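Put together the whole structure using the sequences plus the hints.
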Amino acid sequence: MILLEVQQAARYFGADILFKNVSLTLQEKARVALVGRNGVGKSTLIKMIIGQQKLDEGQIIKKKNLTIGYLAQDTGLESSNTIYDEMLTVFADLQKAEQQMHKLEAQIAQMANNIQMNQKNYDNLLEKYDRLQHDFKEKNGYGYESEIRSVLHGFHFFEEDYSKKITSLSGGQKTRLALAKLLLEKRDLLILDEPTNHLDIGTLSWLENYLQSYNGALLLVSHDRYFLDKIATEVYELTQHSVQFYKGNYSKYIREKSERLRLQWKKFEKQQTEIAKLEDFVDRNLARASTTKRAQSRRKQLEKMERLERPKGQEKGPHFQFRVEQESGNIVMIVENAAIGHNNKIISQPINIDLRKHNIMAIVGPNGVGKSTLLKSILKKIPFIKGNCRFGTNVDVGYYDQELKNLNPAKTVLSEIWDEHPLTPEKDIRSVLGSFLFSGDDVKKIVHNLSGGEKARLLLTKLAMKNHNFLIFDEPTNHLDIDSKEVLEDALLNYSGTVLFVSHDRYFINKVATSVLEISETGSELFLGDYDYYIDKKEEQELIANEKNKENEKDIQTVASSAKSNYKDSKSAQKKVRKLKREVATLEEKIEQLSHTKLEIETQMSLPESFSDASKMQELQLQLTECTKELEQAELLWEEKSLSLEDNN
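The opening residue of the sequence shown carries number 256 in my numbering; numbering runs sequentially from there.
Worth flagging that the hints you see were computed from the coordinates, not collected in a lab. The structure displayed is predicted, hence computed values, not measured ones. Don't take each hint at face value.
To be verified - Dumping the calculated DSSO-like pairs for lysine-lysine here, alpha-carbon to alpha-carbon at most 27 Å:
no.: 1; residue 1: LYS522; residue 2: LYS485
no.: 2; residue 1: LYS420; residue 2: LYS441
no.: 3; residue 1: LYS793; residue 2: LYS485
no.: 4; residue 1: LYS436; residue 2: LYS351
no.: 5; residue 1: LYS845; residue 2: LYS871
no.: 6; residue 1: LYS612; residue 2: LYS567
no.: 7; residue 1: LYS717; residue 2: LYS612
no.: 8; residue 1: LYS485; residue 2: LYS896
no.: 9; residue 1: LYS830; residue 2: LYS485
no.: 10; residue 1: LYS710; residue 2: LYS721
no.: 11; residue 1: LYS392; residue 2: LYS358
no.: 12; residue 1: LYS429; residue 2: LYS485
no.: 13; residue 1: LYS548; residue 2: LYS559
no.: 14; residue 1: LYS845; residue 2: LYS834
no.: 15; residue 1: LYS717; residue 2: LYS660
no.: 16; residue 1: LYS429; residue 2: LYS631
no.: 17; residue 1: LYS830; residue 2: LYS507
no.: 18; residue 1: LYS700; residue 2: LYS740
no.: 19; residue 1: LYS682; residue 2: LYS636
no.: 20; residue 1: LYS660; residue 2: LYS700
no.: 21; residue 1: LYS636; residue 2: LYS721
no.: 22; residue 1: LYS600; residue 2: LYS641
no.: 23; residue 1: LYS600; residue 2: LYS631
Stated by the list, open to error - Per label pair, the in silico range of CB-to-CB distance:
no.: 24; residue 1: LYS834; residue 2: GLU794; range: 17 to 25 Å
no.: 25; residue 1: ALA840; residue 2: THR777; range: 35 to 43 Å
no.: 26; residue 1: GLN576; residue 2: ASN661; range: 18 to 26 Å
no.: 27; residue 1: ASP674; residue 2: ARG562; range: 45 to 53 Å
no.: 28; residue 1: GLU675; residue 2: GLN796; range: 40 to 48 Å
no.: 29; residue 1: SER694; residue 2: GLN796; range: 29 to 37 Å
no.: 30; residue 1: ALA270; residue 2: ASN607; range: 54 to 62 Å
no.: 31; residue 1: GLU901; residue 2: LYS319; range: 35 to 43 Å
no.: 32; residue 1: ALA840; residue 2: GLU864; range: 32 to 40 Å
no.: 33; residue 1: GLU887; residue 2: ALA531; range: 36 to 44 Å
C-beta atoms are modelled at their ideal positions from N, C-alpha and C, and glycine is treated no differently.
If you want it as structure tokens, here you go:
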């Protein structure tokens with residue numbers, strides 16, 4: 256059943272188009288990702304869907320009595336209640352029903368002593384109680400408090416937090432509570448705009464698992480590629496002039512978009528070649544009496560031709576790189592037996608870091624454990640409670656602050672950069688800003704009026720101009736769209752300096768990190784690999800720990816050996832499954848390509864010029880036979896691998 260339809264929606268700002276010709280459909284239990292560059296209007300479209308903004312064109316049709324839950328970007332829960340009391344408000348109807356049941360129970364008990372005189376009233380009372388109890392049970396009346404505790408626990412709110420006033424919480428905690436309340440409300444359609452902001456990796460994993468079993472439909476806007484891959488089954492890509500629909504998760508959308516663009520360019524270039532030939536023939540033969548009729552015929556052909564638009568999809572994005580002015584020594588930074596915290600209250604110790612030249616180290620850990628505090632202590636903005644940090648020879652540090660405070664809100668974009676490089680010609684400053692998508696009058700914008708994404712790009716501009724050999728980033732991807740993230744990833748991978756960063760973006764960590772440092776209350780632990788390696792090692796540690804708990808009386812070495820053996824078997828099975836998944840994905844891509852090729856050949860065979868050319872038809876038929884044979888073989892192999900994958904899962 257269709258819950259909601261957007262039909263030919265448009266939004267204008269004066270003569271400027273934000274977007275137009277936007278249509279999308281949301282079915283029951285749909286898992287839809289809305290993607291597109293920053294500033295294209297994703298949040299505006301969502302506000303139109305929920306009725307906060309009006310459409311300039313088009314219409315939105317909703318199912319009768321459709322209930323919608325909406326979480327805006329960085330929106331926190333505002334209430335004077337305690338955490339637990341606020342969650343209880345979701346179940347106010349059940350609480351009333353529970354009170355009614357208790358009243359009925361008391362009345363039934365009173366009447367039980369004199370049933371004969373009040374038999375009819377007694378039966379009516381029992382019937383009313385049965386109906387009420389049935390409805391109460393159907394709506395999880397006996398389990399809603401357990402549900403509240405489960406969701407709060409998932410967002411890292413524990414029993415000791417339940418009595419805290421919401422007004423005393425941080426902005427990030429209020430955002431997590433707003434999402435927790437929305438999940439408990441169980442709306443028909445849940446619209447989440449950047450729901451992964453302020454969530455640590457553990458909470459993200461919990462949320463992904465929860466949303467996969469959510470009974471309602473989901474419409475998601477997110478720059479978290481792991482999150483979209485895990486949840487989304489449909490993708491709508493919003494652009495200025497249209498919206499494109501893709502079936503599948505984010506990774507499949509990227510592959511299919513690339514293939515669509517390739518075919519569009521192929522058709523466009525083929526038509527451009529044909530147009531050039533026709534125009535050349537007309538130019539050369541129109542004036543000649545013997546060929547003028549043929550030239551006129553070609554000109555009419557040109558006039559009637561439905562010309563293809565130049566393919567879109569390779570719009571200009573940011574392009575930058577980080578350079579190093581002078582090389583540092585091999586030892587970049589050493590942190591020894593450090594304790595971090597505030598006002599002499601330790602939140603994590605001991606922390607040890609030995610960071611060498613050219614390494615890219617990611618710092619991970621739950622919210623509140625002190626990851627940003629560690630960076631600020633390294634930079635001497637907050638003192639270590641214990642221990643110390645020292646930098647190596649010729650180390651020159653650049654810092655990216657997640658709160659974007661290293662910008663002057665009163666300056667223009669141009670002066671923010673030029674004031675720090677007064678000897679650099681204005682055209683060179685503008686050229687650098689242009690590579691970060693600040694062009695024309697954009698450089699005259701006041702920093703205070705910039706969006707989060709624009710401020711992030713401006714801060715990256717400042718870093719790129721400084722040529723530091725050691726970069727420290729605190730949540731560098733928070734305000735960036737996916738295209739900008741990919742540019743940042745490439746810039747860091749090609750950087751000849753050293754990087755230390757805090758991030759919750761699992762895809763970003765996996766792409767750039769050479770090591771992962773996990774921070775917890777008991778200190779730091781180093782993992783010499785990317786994010787996938789870190790997760791594998793954590794699973795191994797958990798497996799060994801579980802084995803130890805089960806075999807307390809056995810020799811520790813025996814337990815560890817057994818656990819490692821089981822882990823190897825498990826890893827072997829996991830490796831086999833991963834290999835099968837890769838093979839299935841490769842075959843799916845091959846089937847898609849062969850299907851496109853087959854369709855192109857069949858299209859060519861249906862053209863009039865092919866019918867009249869026997870040798871061409873014979874050649875096309877051979878190509879079609881070969882392509883069909885390849886397609887059948889690929890489909891058979893895909894079926895075999897898919898069945899094998901099911902058996903091994």
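Name the hints, by number, that the structure is in violation of. 1, 6, 19, 29
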